[in-house]
Amino acid sequence: ETGVTQSPTHLIKTRGQQVTLRCSSQSGHNTVSWYQQALGQGPQFIFQYYREEENGRGNFPPRFSGLQFPNYSSELNVNALELDDSALYLCASSRGLAGYQVETQYFGPGTRLLVL
Amino acid sequence: GENVEQHPSTLSVQEGDSAVIKCTYSDSASNYFPWYKQELGKRPQLIIDIRSNVGEKKDQRIAVTLNKTAKHFSLHITETQPEDSAVYFCAASIDSGGGADGLTFGKGTHLIIQP
Numbered sequence: 007e008t009g010v011t012q013s014p015t016h017l018i019k020t021r022g023q024q025v026t027l028r029c030s031s032q033s034g035h036n037t038v039s040w041y042q043q044a045l046g047q048g049p050q051f052i053f054q055y056y057r058e059e060e061n062g063r064g065n066f067p068p069r070f071s072g073l074q075f076p077n078y079s080s081e082l083n084v085n086a087l088e089l090d091d092s093a094l095y096l097c098a099s100s101r102g103l104a105g106y107q108v109e110t111q112y113f114g115p116g117t118r119l120l121v122l
Numbered sequence: 306g307e308n309v310e311q312h313p314s315t316l317s318v319q320e321g322d323s324a325v326i327k328c329t330y331s332d333s334a335s336n337y338f339p340w341y342k343q344e345l346g347k348r349p350q351l352i353i354d355i356r357s358n359v360g361e362k363k364d365q366r367i368a369v370t371l372n373k374t375a376k377h378f379s380l381h382i383t384e385t386q387p388e389d390s391a392v393y394f395c396a397a398s399i400d401s402g403g404g405a406d407g408l409t410f411g412k413g414t415h416l417i418i419q420p
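Line by line, the protein sequences are chains A and B.
Note that this note's numbering gives residue 101 to position 95 of the first sequence, counting from 1, and the numbers run on in steps of one.
Note that this note's numbering gives residue 346 to position 41 of the second sequence, counting from 1, and the numbers run on in steps of one.
Just chain A, same shape as in the assembly (with noise of 0.2 Å):
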C-alpha cells in the first residue's frame, strides 16, 4: 500500500451543496493530481498542485478548484454540485521535479461521493 490518505472515506451530498475532500501526500512527494472516477471508467484528470500552484489541469469546470499546502497536502473543493459530480475521487502523490521527467503516481484510496 502507498503512503497517500485520503478523507472521507464516503459522502452523500445534495445538488447544489459544496464539498470539500482532502489528500495527504506520501511522504517526500511534493506534487499531488486529483482524478475523478464515474462508474466503469478510468480516472479523468481534474487538476494537479506542485509546490502549492496549479501546475496543469483537465476538462473540467472552475467550479472544481484545488490547494495544496505547505506541507505538500492538498484538497478539492466542488461548488453547486451536479447529479453527474457522483463519483470515486482519487488523488495521486508523486515526487515531481520542475523541468525533469513525469515520476510514478501513487493514488489514495479515493473518497466516494453520492450527490442525490
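No lab work stands behind these hints, which were simulated from the structure alone.
One should not assume that every hint holds.
[As the list claims (entries may be wrong)] In silico DSSO-like pairs for lysine-lysine, Cα to Cα no more than 30 Å straight-line:
id: 1; chain 1: B; residue 1: Lys327; chain 2: B; residue 2: Lys347
id: 2; chain 1: B; residue 1: Lys347; chain 2: A; residue 2: Lys19
id: 3; chain 1: B; residue 1: Lys363; chain 2: B; residue 2: Lys347
id: 4; chain 1: B; residue 1: Lys363; chain 2: B; residue 2: Lys373
id: 5; chain 1: A; residue 1: Lys19; chain 2: B; residue 2: Lys412
id: 6; chain 1: B; residue 1: Lys373; chain 2: B; residue 2: Lys327
[To be verified] So the derived label-pair ranges between C-beta atoms look like this:
id: 7; chain 1: A; residue 1: Gln23; chain 2: B; residue 2: Gly360; range: 45 to 53 Å
id: 8; chain 1: A; residue 1: Leu45; chain 2: B; residue 2: Thr383; range: 27 to 35 Å
id: 9; chain 1: B; residue 1: Gln350; chain 2: A; residue 2: Leu45; range: 14 to 22 Å
id: 10; chain 1: B; residue 1: Asp332; chain 2: A; residue 2: Gln23; range: 31 to 39 Å
Here the structure is a predicted model, which is why all the values come from computation and not from measurement.
Every residue, glycine too, gets a C-beta built ideally from N, C-alpha and C.
For this one, chain A is given, so just place chain B on it according to the hints.
Chain B in isolation, oriented as in the chain A frame:
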C-alpha cells in the same frame, strides 16, 4: 488533447495462459506510459511503466512493449494466476517540462482468470 484507446474491454483467459492488453495513444509527444491494476473497491496500483526511450520492459511475469512509430503499447502477463483478476488501466502522459503532467487513462480491461 491526448486520447488513449484500450482493448479489449473484457478478457477471459484460462489460469496459466498469457494475457495481452493493447492501448493506442494519439499525441506523439507522450513519453511516459504506466499500467495500473485496480481490484474492486480498491485504489489503482502501479504494476509497470515504460518511458519513450525504451522499447520493452519486463518485471517477472509482467512485460510492457512500446511502439512509438505506431503509437501503441501493450501489457503482457504470462502464467496468469487467479490473483491477476482485476481491471487494468493503461495511461499516457506528456512531460511538458513543468515537472509532471496529468495522466490520460484508457477505459480499462476487466481481466478474468478462469480456474
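Index of numbered hints that the structure contradicts, given in increasing order: Failing hints: none at all.
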